[in-house]
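Student: Please construct the entire structure, taking both the sequences and the accompanying hints into account.
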Amino acid sequence: MSDHDHYPDEHLRRILRSVKTIAMVGASPDWNRPSAFVMEYLQSKRYRVIPVNPTAAGRTINGETCYAALTDIPQESAGRIDMVDIFRRSDKVGPIVDEAVAIGASVVWMQIGVRNDEAAAKAEAAGLTVVMNRCPKIEYGRLHGELSWGGFNSGIISSKRRKLNV
Amino acid sequence: MSEDTKGKPRQPGFETRAIHAGAPPDPVTGARTMPIYHTTAYVFDDVEHAASLFNLSTFGYIYSRLTNPTVAALEERVASLEGGRGATATASGHAAQLVAFFALMAPGESFLASRKLYGGSLTQFGRTFAKFDWHAIFVDPDDPENFARALTPNCKAIFVESLANPGGVVTDIEAIARIARDAGIPLIVDNTLATPYLCRPIEWGADIVVHSTTKFLGGHGNAMGGALVDSGRFDWAQNDKFPALTAPEPAYHGLRFYETFGDMALIMQTKAVGLRDLGPALSPMNAFLTLTGIETLPLRMQRHCENALAVARFLEAHPRVDWVSYAGLPSNPYAALARKYMPGGAGAVFTFGVKGGYDAGVKVVESCELLSHLANVGDTRSLILHPASTTHRQLTDEQRTAAGAGPEVVRLSIGLESVEDIIADLDQALGLSATRP
Ligand SMILES: Cc1ncc(COP(=O)(O)O)c(C=O)c1O
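Chains A and B are the protein sequences, given in the same order. Letter 39 of the first sequence, counting from 1, is numbered 38 in numbering that gives the first Met the number 0, and no numbers are missing. Letter 313 of the second sequence, counting from 1, is numbered 312 in numbering that gives the first Met the number 0, and no numbers are missing.
No lab work stands behind these hints: they were computed from the structure. We treat Cβ as the ideally placed atom computed from N, Cα and C, and that holds for glycine. Be a bit skeptical, because a hint or two may be false.
Said to hold, decoys possible - Only pairs whose alpha carbons sit at most 25 angstroms apart, straight line, appear in this in silico DMTMM-like list of lysine to aspartate or glutamate:
1) Lys44/A to Asp29/A
2) Lys44/A to Asp45/B
3) Lys91/A to Asp262/B
4) Lys19/A to Asp44/B
Claimed, not checked - Some but not every residue of chain B turned toward chain A, in silico, with C-beta under 10 angstroms:
5) Arg16
6) Glu47
7) His48
8) Thr87
9) Gly231
Tutor: So this is what it looks like as C-alpha cells:
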C-alpha cells in the first residue's frame, strides 16, 4: 500500500486537476454542516458534486439531486464519477469503497479523521488512488494559496508567481 | 521544493522559512517582497460570494479588522517558524494574550500563570482580566509541580514565558506541558524573548504560543505587534471546558468551530470572533515592517546572544555588580534548562543587581550614553531600564521581588552595536554609580 501519512503536494495537485465529478457520501442537506461547506466550496471551484445520503435521498442539495447510494447515481445524468469523497466514520467506509470500485471511480478520498487502511488497500488493488484523513477543500485552498489568506501554515515555499485561477 | 526524491515532504530550513514563508511573489504583479495592502475592505464577486464569506464557508477577505493579505503573510511566517498550524496577528503582544484568553475563558473561571512574567502581563492578568471576572492564579514556575498543586476544576489554561522578562528565568516547558495535558487544558507559552529561532515551545508540548512581535521578531524597535500561534494539536472536544470552540456559535448560525474547522478551529475563532468583536487588528504597515525584520531573525539572534554573553561575563567580574542573572552563564541556576530549551543561546534580555540598591540602579540607567533608557526590549539598539521605577512600578514590593524586579535590579536588552562599545558604556555608568549624587 502507498504511504498514507504523507502525500506529496504534486500528487494531490494531480488528483485535484484530473477530477471533474465528485460523489460526496455523507453530504448534508443542512447548509451549515461541514460537508455542506465543502460541497459549496468545491462547486465554486467548478467541480460537479453529487450528494449521496440515504436520509436525504430524492432531495435537492445545492442544485443537485441526492441519492441513497453510489450505485443509485444514474449514469445518463451524472456521467462518470471521478472521485468519491467520504464523510463517514472510518468503520463504515468498507462498503462505500466497494461501491466506489463498482461504479468505476478513479479516486477515493476520505475526510479528516476518516482512515481505513483495509478498504484503502482493496481500492488500490483495484487500481484506484486513495487519499485519507484529508479534506479536499483544505488541500485545494492550501495548494492555491487560499489557506494562507487565513494565516495558516501552507508549508509551501516558492519563488514562482502563482497562476491566477480564473 | 516541498518533496525529496522519495516523495516525502521535505521541510525547508529555518533560515529559508524566515525569508520565504507566507510571502511568495505577488500573483498579480510579480512583486517580490510582500506588498503592503493598505485597504480596509475587499470587493465581493456577487451577493452569493459575500454570503459564503460571511458564513465562513469559503476562504477570502471581507474587512481588515478580521484579515488582510499583508497581515496574513506575517501570520503564516510566524506559524511556520513556530511549527504551528496557523497564527492570528494582533495590534500588540497584549492584544494577542487578550484574544487567546477570550477564546478560552468565561466569567468566573480561572487560569494558572507563572509569577515570573513581564510586569505588564502580571498587571493585565491580575488587574484588568479580573474586571472580566477571569482570575489568574500566580504560581512559582521553578517547581513545575506547583502548577499541578494549584489547579482547580475551573482552570482553563496554564500560561508561562519560555524565557521570562526580565530575569533570565528559563521555564521547564516539557514538564508543565505534561501537567496541562493531564488536566485537559492548553499550555500557552509567551515566546517573545526567546523567539522561535532559539526555542520552539510547540516541539516541547505547548499548545498555543503568543508573541509580542514588537520585540525580537520585528527586531528594530519600529512596529508594535503581536501574534498567537496554534499548534493545532489540542483536542477541544475532550471535555466541556471550551464551549467557544465546541458549542454552536450564535453569531454564525450555530456553527461549531471545532467540528467545522478541525485543527484550524482556534485560529478561525480568534479571527471570526476575537478580532471581529474585540477589534485589535494589526496594521498592514506594521505587518510589513515585522515581515522584513523576521527575514534577518536568525542572524540577529546569533549576534544578540553573543553580545549578551560577553556583556554578562563583563558584568559578572565587575566590582560594582552584586549578581548577574543570565541563563547563558554556566554559574546560572537556569543554565541546564537553557541548554535544553534554547541551545542556540539564552537570548539578550537579562538583569543584574548593582551595589547600592535603588539609587545606584537609577544612577546607572541615567548615566548611559549609548544604551537607551526606555521601556522596550528586542531592538537592534542596546536598551537599559530600572524595572522597579518603571515597568514593575504598579506591583507591590513582594510581587516585584518575586518577579525578579527588586530595587537594585537593572534590566538590559543587548543590541547589535560593537560589543566593546556596549561594555565601555556600562563600565562608565557603573563607575558613576559609585559616586554619591
Ligand atoms: C515577554 C513579553 N510579553 C508580552 C509583552 C507585551 O507586548 P506588547 O508591548 O507588544 O503589547 C511584552 C512587552 O514588553 C513582553 O516583553
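Student: With reference to the structure, classify each hint as holding or not holding.
Tutor: Hints, one by one, checked against the model:
1. Lys44/A to Asp29/A: holds (21 angstroms)
2. Lys44/A to Asp45/B: The given pair, whose Cα atoms are some 15 angstroms apart, holds under the 25 angstroms limit.
3. Lys91/A to Asp262/B: Distance ~23 angstroms between lysine 91/A and aspartate 262/B Cα, so the pair holds.
4. Lys19/A to Asp44/B: holds (23 angstroms)
5. Arg16: Constraint on arginine 16/B satisfied, holds at 7 angstroms.
6. Glu47: Status holds, d = 9 angstroms.
7. His48: holds (8 angstroms)
8. Thr87: holds (6 angstroms)
9. Gly231: holds (9 angstroms)
Checked against the numbered hints above, the structure breaks none of them.
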